[in-house]
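Colleague: Listed below are the residues making up each chain.
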Amino acid sequence: METMDFNKDLIAASSTPIVLAILAKKDSYGYAIIKRVQELSGGRMEWTDGMLYPVLHRLERLGYVEARWEVAGSGRRRKYYRITSRGKAHLTDERRQWQAVDATLRGIWKALSIFIPVGTAAFATPLPQGA
Amino acid sequence: MTTPANTVTLEEQIDQWRSYLLRRQAIHSVDVAELEDHLREQIAGLMNAGLVPDEAFLVAVKRMGALDALSREFAREHSDRLWKQLVVLPSDSREQGAGVRSDAFVAFFLAVAAAMLIKLPELFGMDLKENESFYARNLSLFVLPLLTGYFIWKRRLGAKTVPWLAAPIVAAGVFANVYPFASPGSTESLTALHLPIALWVAVGVAYAGSRWNEVAGRMDFIRFSGELFIYYVLIALGGGVLTAFLMMMFKTIGIDAEWFIQSWLIPCGAAGAVLVASWLVEAKQSVIENMAPVLTRLFTPFFAALLVTFLATLIWTGRGLDIEREVLIAFDLLLVVVLGLLLYSVSARDARMPAGPFDVMQVVLVVSALLVDAVALWAISARITEFGFTPNRVAALGVNVILLVNLAWSAVLYIRFLRERGSFTDLERWQTNYLPVYAVWAAIVVIVFPPVFGYI
Numbered sequence: 001m002e003t004m005d006f007n008k009d010l011i012a013a014s015s016t017p018i019v020l021a022i023l024a025k026k027d028s029y030g031y032a033i034i035k036r037v038q039e040l041s042g043g044r045m046e047w048t049d050g051m052l053y054p055v056l057h058r059l060e061r062l063g064y065v066e067a068r069w070e071v072a073g074s075g076r077r078r079k080y081y082r083i084t085s086r087g088k089a090h091l092t093d094e095r096r097q098w099q100a101v102d103a104t105l106r107g108i109w110k111a112l113s114i115f116i117p118v119g120t121a122a123f124a125t126p127l128p129q130g131a
Numbered sequence: 001m002t003t004p005a006n007t008v009t010l011e012e013q014i015d016q017w018r019s020y021l022l023r024r025q026a027i028h029s030v031d032v033a034e035l036e037d038h039l040r041e042q043i044a045g046l047m048n049a050g051l052v053p054d055e056a057f058l059v060a061v062k063r064m065g066a067l068d069a070l071s072r073e074f075a076r077e078h079s080d081r082l083w084k085q086l087v088v089l090p091s092d093s094r095e096q097g098a099g100v101r102s103d104a105f106v107a108f109f110l111a112v113a114a115a116m117l118i119k120l121p122e123l124f125g126m127d128l129k130e131n132e133s134f135y136a137r138n139l140s141l142f143v144l145p146l147l148t149g150y151f152i153w154k155r156r157l158g159a160k161t162v163p164w165l166a167a168p169i170v171a172a173g174v175f176a177n178v179y180p181f182a183s184p185g186s187t188e189s190l191t192a193l194h195l196p197i198a199l200w201v202a203v204g205v206a207y208a209g210s211r212w213n214e215v216a217g218r219m220d221f222i223r224f225s226g227e228l229f230i231y232y233v234l235i236a237l238g239g240g241v242l243t244a245f246l247m248m249m250f251k252t253i254g255i256d257a258e259w260f261i262q263s264w265l266i267p268c269g270a271a272g273a274v275l276v277a278s279w280l281v282e283a284k285q286s287v288i289e290n291m292a293p294v295l296t297r298l299f300t301p302f303f304a305a306l307l308v309t310f311l312a313t314l315i316w317t318g319r320g321l322d323i324e325r326e327v328l329i330a331f332d333l334l335l336v337v338v339l340g341l342l343l344y345s346v347s348a349r350d351a352r353m354p355a356g357p358f359d360v361m362q363v364v365l366v367v368s369a370l371l372v373d374a375v376a377l378w379a380i381s382a383r384i385t386e387f388g389f390t391p392n393r394v395a396a397l398g399v400n401v402i403l404l405v406n407l408a409w410s411a412v413l414y415i416r417f418l419r420e421r422g423s424f425t426d427l428e429r430w431q432t433n434y435l436p437v438y439a440v441w442a443a444i445v446v447i448v449f450p451p452v453f454g455y456i
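Sequence order for the protein chains is V and G. For the first sequence, the numbering used here begins at 1 and goes up steadily by one. For the second sequence, the numbering used here begins at 1 and goes up steadily by one.
With the rest of the complex left out, here is chain G (with noise of 0.2 angstroms):
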């Protein structure tokens, strides 16, 4: 039955069957193989009951599942492979070609209407310069809507959830102008830092859609805030280069162009550069592929090299830390670093690999962090009654206290990882859970501070 000719024509139908899976993104080349070994299989069985291997071919095909269905199957477990195209593949390419265009054309005309909202302000005699504290706690509400927006439409969202969105919008809008600020004053810049923050979840909610519940929802946000701000720090670094020649041209004519830049260049190319950079990230996924999980991997062990010898020195030296009334803030910024790197790692792990030594430098990174920001904790609070409690300070602790929680948990699921007590999706599982804890505080610090601390 089966002549020569016959099992050629098989092995070309299984190639041709093979190269169609590997042209799905969401489908790796391990997979196929796996997916290949039960086609073969099945053939196999069918032959044996006394199917022709064309007949054989169709049936285990057919039996394996409709190619598109197989490959959403495949992106809906493993949509790290392809975060960025959370709409499933339009399979049309032309269909996708005009997708893409329109994308452009409403990112692009919301980064210009970014550009004018925050010039609008000075129509009603808001200048810029005399200003400052109105914009700087105004900053998120020029841009963030827009995104939001941006984000409702691309993922369709419907008229349910709109509301739910614009409800901390507004309350933003009206904590960030209610309240009688002492100008300048500590209270107002915690509003002006904290704000965004606490909206940036917001438009979070907007960009996973209703997979904001799903682990996998909240991860692919955590992915695009970290492309976002490489995008963003990029154009700034043209814009910068931009700026430079514009004013170095103008010159030669003797024309100073500087009140342009202050007033125009910076303030709108900052605003709508959130909103090109958010579609980059979207639109150009293959150009610079995750670069946040690069750039982590890089700087894990001098992050992790720095902590130790610090620690080591310390213990070496016997000298105590110098605490100086700022020290906190810098312990807080060392936080968020190693909570940054640790978070774009697992970000971009495949959580079925098993440990290896990179992540045994995590958790070497994470635990000194921590042992660190212990030894500054304990000669701070000794003398924190010293200083007084200020709003600045006890944002600080509350900062401090909140990274430590989450590095302190997240060293011990790694840990109980690396003994393979537990499986990475654990801590997956909890950073993602650990968003809105962020956000609850940011929210904290802009409306209970300003009274409780008597708005100064």
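For reference, chain V alone in the conformation it holds in the complex (with noise of 0.2 angstroms):
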């Protein structure tokens, strides 16, 4: 598993969708998001744990998402995340706005036909041990 280097602004637009996304699937909270996230990517995008909270807090004020707190099996109070019907609306949205981003980019990939491996060395650092 290799991490790449992402763009600060590529990570906080795509933040919404795929935390959006994690949650449509079922309730979660902030560590195990960061793990799917991990999981999904294959371990390539790896997000500063810390900056989840904000972004959650964000789509829980805009409404797109629910909290409470529960007790977990540690004992622990634990905040879950539960996605409303307008935070499903605006990830209907959001898809079909990245689906474009993404169809315009594969048209241009292809055109250009110009090889680029993905996750290149120049710009792949090793993972801390441990994940």
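Hints were generated in silico from the structure; no laboratory data involved. Built from N, CA and C at the ideal position, the CB exists for glycine as well. The reader is advised that the hints may include incorrect statements.
Quick list of in silico lysine to aspartate or glutamate cross-link-like pairs, EDC-like style, CA-CA up to 16 angstroms [what the hints assert, rightly or not]:
hint	chain 1	residue 1	chain 2	residue 2
1	V	LYS79	G	GLU55
2	V	LYS79	V	ASP27
3	V	LYS35	G	ASP37
What the simulated footprint calls covered on chain G by chain V, stretch by stretch (three residues with Cβ under 8 angstroms from a Cβ of chain V suffice, anywhere in the stretch; the number is not a length) [stated by the list, open to error]:
hint	region
4	30-38
5	61-70
Two independent chains are provided; combine them into the complex using the hints.
Modeller: Structure below.
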């Protein structure tokens, strides 16, 4: 597994649909969401853990997700997030936009017909062990 | 691997980390609890993978991100928590102290400048007593450009923004002085009343700086305006006491100080106080934190009760409104008060909280105000042609329509929020997006009304 350096704007823009899509599957909490992102991206996307929470709070403020506190098995209080119907509608909207971006880029890459290997060694940094 | 000694150190380390986080104003304890749960989960995972507690703690903390960056992100999302420290925490407290001092210096310098500026026309023979209308029209121009300058300096706005801020001020100066007003007349007093409103939005652009395009930035400006008003009233009260003593004490030695108070103390003090109050709002946030929302919470129930009782009495007795000529202005003021109550409770509310009884109260307040105003408008529309379209009445009618539209849509958004069909953010966005409407209307009154009504 290799992590890539991502453009900050790209991380910021993609965090909303990624978090909403993960929550659309089932309710979750911060740590599990980050684990899920790592799994889904094959370890290529690694967020700074703390940065997820302001994102979750923003989605909560916008009414896309709802939060509740639950006592986890360990006896600790844990904040769970659930997607709302507004959040689902927004996810559909985001999905349409990202598909358009994706389709456009695919077209351009094809037209360029230059081979760009994914996860080039120049950009790759080794993952801190223990993940 | 986990000896008791190690566990203790881990707990201690977590305690220390928690207390570091709690010191950040942008991160509330409830968020710290959330982050701590994350940290513990991460540590447990790393220890399962074979790390010793110390290592696991270090890696987990590293992954959480640098505290400064983290609290900056929290501050950006929860800007209401530290809306007055717009420039997010210079961590060195000495540097912060120096910042506060230079702020104070610039603010007092500008306050003195405002005090001198208001006396400047006198050098050219424009006496305050004989040219009251000149001073009334230009009042905001003595103070607001300096306030704008203060924020340009404070927010370090670039050379690109400054012309955009200067343009409305220059335009205001032109429109306040080129029209051949029939003095004293309605259009002249309308200009005196509306020019500050139009210019206030220019101040807002300077205040919010690059954040004017954001809902949070404009909301901060609304908060600032409310707090400034309260500080200004407090300073004015203090000034009143000072004036009273000054009069009384000099009277005892047979000197009449009234000329000094009339032509120096009151005008210079009133002008300078705007700058001082603006600086105080930003610098002394912990002294009177969010006074406007507190007053709002106190008075919303009373105003709601008043309006509901009035409506009930109106229906019960079947009395018609006694439509006087100036009744529209009274109802405009009522809507302004209701809007203020709504605005300042919106500005203080955490958008993430679910709806509560106070929200229902707000809706009752807004809806009853709309009904009362509708009754008044209906009563007055029957007789408006009889009264004739004077500039005052058209202006009052325009303000009424603007406020009515704002409150009506606010009520819709609020009810949607109560029924969980929408989020509170929609209401915030509506209120902050509406700000330019007031400025545009005020500009229309200043620019279009005088020529249309023949400068009467």
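Colleague: Each hint should be assessed against the structure and marked as holding or not.
Modeller: For each hint, the structure was consulted:
1. LYS79/V with GLU55/G: violated (26 angstroms)
2. LYS79/V with ASP27/V: holds (10 angstroms)
3. LYS35/V with ASP37/G: Holds. LYS35/V to ASP37/G sits at ~14 angstroms (cutoff 16 angstroms).
4. 30-38: Holds: 6 residues of the region 30-38 of chain G have a Cβ under 8 angstroms from chain V.
5. 61-70: holds (count 6)
Violated hints amount to a single one, hint 1; each of the other numbered hints is respected by the structure.
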